[in-house]
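Participant: Residues per chain, in single letters:
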Amino acid sequence: MGHSPVTTNPLIIMMINMTVVFIVLVVLMYLIKLIHFIDPTKVKEKPEEPVADEPPLVAVKSETAPALEPVVEQGVTPEIIAAISAAVAAYGFAGQVRAVRIVNHENTPWRASARFNTLQRK
Amino acid sequence: MGHSPVTTNPLIIMMINMTVVFIVLVVLMYLIKLIHFIDPTKVKEKPEEPVADEPPLVAVKSETAPALEPVVEQGVTPEIIAAISAAVAAYGFAGQVRAVRIVNHENTPWRASARFNTLQRK
Amino acid sequence: MGHSPVTTNPLIIMMINMTVVFIVLVVLMYLIKLIHFIDPTKVKEKPEEPVADEPPLVAVKSETAPALEPVVEQGVTPEIIAAISAAVAAYGFAGQVRAVRIVNHENTPWRASARFNTLQRK
Amino acid sequence: MEALNAFTVSLQAVWNDSGFSAFTMGNGIMILVGLVLLYMAFVKEFEPLLLGPIAFGCILANFPNTGFFGEEMNVMKAINFGITNEIFPPLIFLGIGAMTDFSPLLARPTTLLLGAAAQIGVFVALGGAMLVGFNVHEAAAIGIIGGADGPTSIYLSTKLAPHLLGAIAVAAYSYMSLVPMIQPPIMKLMTTQQEREIVMKELRPVTKFERIVFPIVATIFISLLLPPIAALLGCLMLGNLFRESGVTDRLSDTAQNSLINIVTIFLGTGTGMTMNAHDFLRADTLLIIGLGLVAFMGGTAGGLVFGKIMCKLTGGAINPLIGSAGVSAVPMAARVSQLVGMKSKPGNYLLMHAMGPNVAGVIGTAVAAGTMLAMLK
Amino acid sequence: MEALNAFTVSLQAVWNDSGFSAFTMGNGIMILVGLVLLYMAFVKEFEPLLLGPIAFGCILANFPNTGFFGEEMNVMKAINFGITNEIFPPLIFLGIGAMTDFSPLLARPTTLLLGAAAQIGVFVALGGAMLVGFNVHEAAAIGIIGGADGPTSIYLSTKLAPHLLGAIAVAAYSYMSLVPMIQPPIMKLMTTQQEREIVMKELRPVTKFERIVFPIVATIFISLLLPPIAALLGCLMLGNLFRESGVTDRLSDTAQNSLINIVTIFLGTGTGMTMNAHDFLRADTLLIIGLGLVAFMGGTAGGLVFGKIMCKLTGGAINPLIGSAGVSAVPMAARVSQLVGMKSKPGNYLLMHAMGPNVAGVIGTAVAAGTMLAMLK
Amino acid sequence: MEALNAFTVSLQAVWNDSGFSAFTMGNGIMILVGLVLLYMAFVKEFEPLLLGPIAFGCILANFPNTGFFGEEMNVMKAINFGITNEIFPPLIFLGIGAMTDFSPLLARPTTLLLGAAAQIGVFVALGGAMLVGFNVHEAAAIGIIGGADGPTSIYLSTKLAPHLLGAIAVAAYSYMSLVPMIQPPIMKLMTTQQEREIVMKELRPVTKFERIVFPIVATIFISLLLPPIAALLGCLMLGNLFRESGVTDRLSDTAQNSLINIVTIFLGTGTGMTMNAHDFLRADTLLIIGLGLVAFMGGTAGGLVFGKIMCKLTGGAINPLIGSAGVSAVPMAARVSQLVGMKSKPGNYLLMHAMGPNVAGVIGTAVAAGTMLAMLK
Ligand code: NA
Ligand code: NA
Ligand code: NA
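As they're listed, the protein sequences go chains C, Z, S, H, B and L.
Take the first sequence: its letters are residues 306 to 427, numbered as in the working numbering.
Take the second sequence: its letters are residues 306 to 427, numbered as in the working numbering.
Take the third sequence: its letters are residues 306 to 427, numbered as in the working numbering.
Take the fourth sequence: its letters are residues 25 to 401, numbered as in the working numbering.
Take the fifth sequence: its letters are residues 25 to 401, numbered as in the working numbering.
Take the sixth sequence: its letters are residues 25 to 401, numbered as in the working numbering.
Since the hints were made in silico from the structure, they are not lab data.
Model, not experiment: these values are computed from the prediction.
Mixed in with the good hints, there may be bad ones.
Unchecked claim - Computed list of lysine to aspartate or glutamate pairs in EDC-like fashion (alpha-carbon distance at most 16 Å, straight line):
hint, chain 1, residue 1, chain 2, residue 2
1, L, Lys-367, L, Glu-219
2, L, Lys-367, L, Glu-221
3, B, Lys-369, B, Glu-221
4, L, Lys-401, B, Glu-96
5, B, Lys-332, B, Glu-219
6, L, Lys-336, L, Glu-219
7, H, Lys-367, H, Glu-221
8, L, Lys-232, B, Glu-221
9, B, Lys-367, B, Glu-226
10, H, Lys-401, L, Glu-96
11, B, Lys-401, H, Glu-96
12, B, Lys-336, B, Glu-219
13, L, Lys-367, L, Glu-226
14, L, Lys-336, L, Glu-221
15, L, Lys-369, L, Glu-219
16, H, Lys-332, H, Glu-219
17, B, Lys-232, Z, Asp-344
18, L, Lys-369, L, Glu-221
19, H, Lys-336, H, Glu-219
20, L, Lys-232, S, Asp-344
21, H, Lys-367, H, Glu-219
22, B, Lys-232, H, Glu-69
23, H, Lys-336, H, Glu-221
24, L, Lys-332, L, Glu-219
25, H, Lys-232, L, Glu-69
26, H, Lys-232, C, Asp-344
27, B, Lys-367, B, Glu-221
One chain only, chain C, in its complex shape (with noise of 0.2 Å):
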């Protein structure tokens, strides 16, 4: 709590801290936009994007969007898939304590073994 603040002006307060936090999230976009840009993984969407903008229907995303939403499958309706996309969204603090677990098989003896035997047949 070295120096004292600069000015008591709660206007220029309210000023100077919007602006820069205006500012570091704009550049934090902008840097978003680049690791995006830079990614060399993506996938070349160019083809794609032309038609799934047309038709923003469910059914296309089947086979475009699995990392943010479930496959969809056919016949599912639009009710089940609400439901199943809060239940997804609901990973507040109350709410994450089941599902992690999950993730977590990945890491059991099994899939060392698997590794294991992986690398015995090179």
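Since the structure of chain C is already known, use the hints to place chains Z, S, H, B and L with the ligands on it.
Facilitator: For chains Z, S, H, B and L with the ligands alone, coordinates are given in the frame of chain C:
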């Protein structure tokens, strides 16, 4: 640490301590009765209690006692009830690991989802 | 960080350290042999060991080695044994999560209940 | 006779040393406050994980003669050490980072602007607090309530205005729980039916590369610019790396389960322990609660206004309802966006779209806290 | 030649700094004591979760030249810090609270009297200890063994007679394990066959309201009256609230699993680390072990006597066998009541009825500890 | 006008206090080092659980003006306290002990000799380090890299050469991950096809008695002889007792899950936090990395040579390939033995046989560390 003890007569110390313990626990007993008395959620037990008094049978419980005892269905032998109640009570330091985790399922995203849907319907 | 080192000759330091390490582990080796020697629970292996010596086959183990190796039944191929033993050994820092928790079931109330019932029957 | 005398004297001594004899009116009222908070936590389910321990800590702190605040070390003093030295909030953020999926933000980075806009509530409350007489440090700590991020609020309060910690924490967690009541009227007031019916284009998939590089880049950039929040933001992003790396599931699991739970118990109880009559039972507390509401409403409005601007600029591609999610209160505010969207047009699923501004709001509030610390420390 | 000389000198130096050269007879005997305790813990299964780490800590503490008790901080010193400042016992109680179901007590509150009556053992041992020459602080710490509550015993010992901590903890946990052997003969001796055959009326259901309000009311009342145990009792009841609230399962789960387990390892090891030859290898230790047995038997008898009185007063509605469960040792003593009841009359299920006095005994012992601290501190 | 002026001045102040203005070339390079380590941890999967937090800690430590190393306590200072006082490595060993099965060692105790022989790498590197100019304390800390045991390396480094901690930890964990690349060529070079084809007799079963008595006896013997590693070895064996006792599964589970994970996060981050440009960006670091490789290769060779000797002495009952597993790096090195054995003769399962020297190597390295501490402290 602070002031010296009032007395070092073992008998008096025993009497005082025992008295305090009894006073505290008796007051606590009346506090529990008070809690029960003011409990706004308690079921009206008047019509049922005399019935329950007469035949203190296991089968009767299935309607009234879900909180303390499992709902007991006709045909369950006393041996099984004993085994289950022993298991229920066996929550000492060494024996609670699994049972507790199961309770936790209430906090999964699915519950959050259910809540969300309830909210939605309003 | 009290007294200064006795010597700063690298070779002597290496020799001393290596000597101590070997002495300690050799003594430990004999201690393990001593533990085995005084083990009151060990099965009398004399009649069996010569038999086991001659045909070092997997199938023989099924009677004697539950502690170290899974009981192996006739008809299990060596490949499967390798996979399982790899999995068993894959208990490094990253790979033990699930296996261990399963062990824990012994501490559930049901075990306590079982004990209680055993007690009861006496 | 002598025995009876000693008996009476001893009983009297026990009573004299008891909390009853030293009990003050202030203690009584604070215990009542604790009971009301317990009711809010356990019956009304207002963020029970935090408000429960806070309430219980408040009650414990108001028993006289417990020695909790004496010279000798004890469990409550040890917990207090973790509060006053800002040890707990970063550890909570480690777990929150491990729970957070930044994908919706990475898929549509412009939603960061909504997370920035929603911080307007923080600064409106800051200005308001200064106008009603709080000094600038207190005002900054009060303003952060509008960020709707408990650990950030506690972190900033302990640094700038520790005597307000209790009131600020209580206000922050209470309003976070009230988001489903505070936001919808404002959302309906500030948006048109037509805007609310906008169906947004689905989000593009996000690669693992992006999900791993983002927390690293964000940590470096923000920590260099705003060193006072390096611990907070660094822990958030380290937790997120545990989640996204795919090879540290053990650490991710622990960060978001046993570690965060243990720290939550201590953080909550320790925060409640700071609530004494002298600091809490004053008009300032009511002002703080009022300003907190202003902050929440201001943040909601700020996000919505910016949502409307983005809607205009993008030719109607952005539903302004996702703007209000920028206050964070993850994931409650995003669900509110979804809820209001569904009411306007059944089948309009905004949840994933609202998660972008929602997690952006966490970063935005941390940045706001860092800015205030950089200016005021 | 010189090399060989340096070699020999260095080897000699290693030996001189080793524990062997500084080893005392006392160390040797204490390591043997540790081995016996390990045997009791792991083979005889005497409370292995606590007695195991205590035994190992005792062995570790008796290696010379380890630096565990030196100036520099190290892991063992850090653990010791948690022992000497009573940080661990309340955290254990947090977990025990989360494991405890007070319903049987709430359904039949009169069983609190049995929990009070069983504390007679505490005070009989206290008086006995003073008669054989212990001072009043030591006597109080010894007496609490009869409470059959490990954390309370450790808490009180560290406050009143830290040099007796090892002996008291060992005695407390050993006798808790021996409850199935100590109690049945006394129970059979003091009750008639007719009394043992009494079938008790089933317990009424307990509402969630009662289960939530009780820990709060109990905390306020007892902590105000006996501030020295506010931390202990507050943590017990906070843990119970985590359990009963229905909205803090995460915290309840952690309190009764990872947190209590971590603290148990530290509490046990740290308690064992206090066991040195100077404090432990004296006639006092044997006296403590003897007095602990008196305390357990006294508590059992006290509970039974009061059980018989209640049986009379209620016209035979109470089976006196549940009185002995008032010593706590949860849930072992309640199971012993059940066992003896079943032997007298197959099908006489006393377990749930005995759980009432059983958990009442935990509160009773905490109150007894608080009373002694209030009088003696 | 004045407002605009204040605005500019304030923005300027934020920039002046930011990390950018105080950023040094050294910070930049160390952050790059951190990024490379992150890449190794998360993409190359080099011990990600440790190297991940180390890398992130290294990045965090090189942001200027964070106050992490100031006077005031904060979360990073608290973590650093656990590093500099050797609190974390023993707790890690507690978990490792609970994960370790000593059965293969107990079934064939002669493999302890292989665990001893593989320590030759430690002492070769020690000698080499002294020859290139490190003092004896530094040389000992560098040598221990060859032990392939992270916690032991960190423990010894913090005691003997804290300024080298970062480089030593990074080298140790990196080479541990590279064992599958470093060892096979040496193994093929030093053994004949005929030796590699040896099929070993299966291991005898080990009783529970042996598995429980061994950790106790080993603790007593080694701790008495080498008190400086009593904490480390004691925790390893206490964890193993939790595992083997059969009655402390709760503690075993916690020691090898939540406790070790929490401590790992702190140990890794704290170790990374010690990596500053002044200590790390010097030729010494490259020397350390080079010496570490020498140590690993030396240890592998030492184990193999001794394996060949044992092969001769036993008339071909021992496959020398299990000797290289004596460097520890559990269980990686044992798997490498298995892998090379399978390549030479499909169906030659050496894994279980290699686990003996593998766990012996953990004890061997601890003993080597203890010897060096006894001589040099
Ligand atoms: Na926010
Ligand atoms: Na008791
Ligand atoms: Na090693």
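Participant: Hint by hint, say whether it matches the structure.
Facilitator: Going through the hints against the structure:
| no. | hint | verdict |
| --- | --- | --- |
| 1 | L:Lys-367 / L:Glu-219 | holds, 13 Å |
| 2 | L:Lys-367 / L:Glu-221 | holds, 9 Å |
| 3 | B:Lys-369 / B:Glu-221 | holds, 6 Å |
| 4 | L:Lys-401 / B:Glu-96 | holds, 13 Å |
| 5 | B:Lys-332 / B:Glu-219 | holds, 8 Å |
| 6 | L:Lys-336 / L:Glu-219 | holds, 10 Å |
| 7 | H:Lys-367 / H:Glu-221 | holds, 9 Å |
| 8 | L:Lys-232 / B:Glu-221 | violated, 43 Å |
| 9 | B:Lys-367 / B:Glu-226 | violated, 20 Å |
| 10 | H:Lys-401 / L:Glu-96 | holds, 13 Å |
| 11 | B:Lys-401 / H:Glu-96 | holds, 13 Å |
| 12 | B:Lys-336 / B:Glu-219 | holds, 10 Å |
| 13 | L:Lys-367 / L:Glu-226 | violated, 20 Å |
| 14 | L:Lys-336 / L:Glu-221 | holds, 14 Å |
| 15 | L:Lys-369 / L:Glu-219 | holds, 11 Å |
| 16 | H:Lys-332 / H:Glu-219 | holds, 8 Å |
| 17 | B:Lys-232 / Z:Asp-344 | holds, 10 Å |
| 18 | L:Lys-369 / L:Glu-221 | holds, 6 Å |
| 19 | H:Lys-336 / H:Glu-219 | holds, 10 Å |
| 20 | L:Lys-232 / S:Asp-344 | holds, 10 Å |
| 21 | H:Lys-367 / H:Glu-219 | holds, 13 Å |
| 22 | B:Lys-232 / H:Glu-69 | holds, 15 Å |
| 23 | H:Lys-336 / H:Glu-221 | holds, 14 Å |
| 24 | L:Lys-332 / L:Glu-219 | holds, 8 Å |
| 25 | H:Lys-232 / L:Glu-69 | holds, 15 Å |
| 26 | H:Lys-232 / C:Asp-344 | holds, 10 Å |
| 27 | B:Lys-367 / B:Glu-221 | holds, 9 Å |
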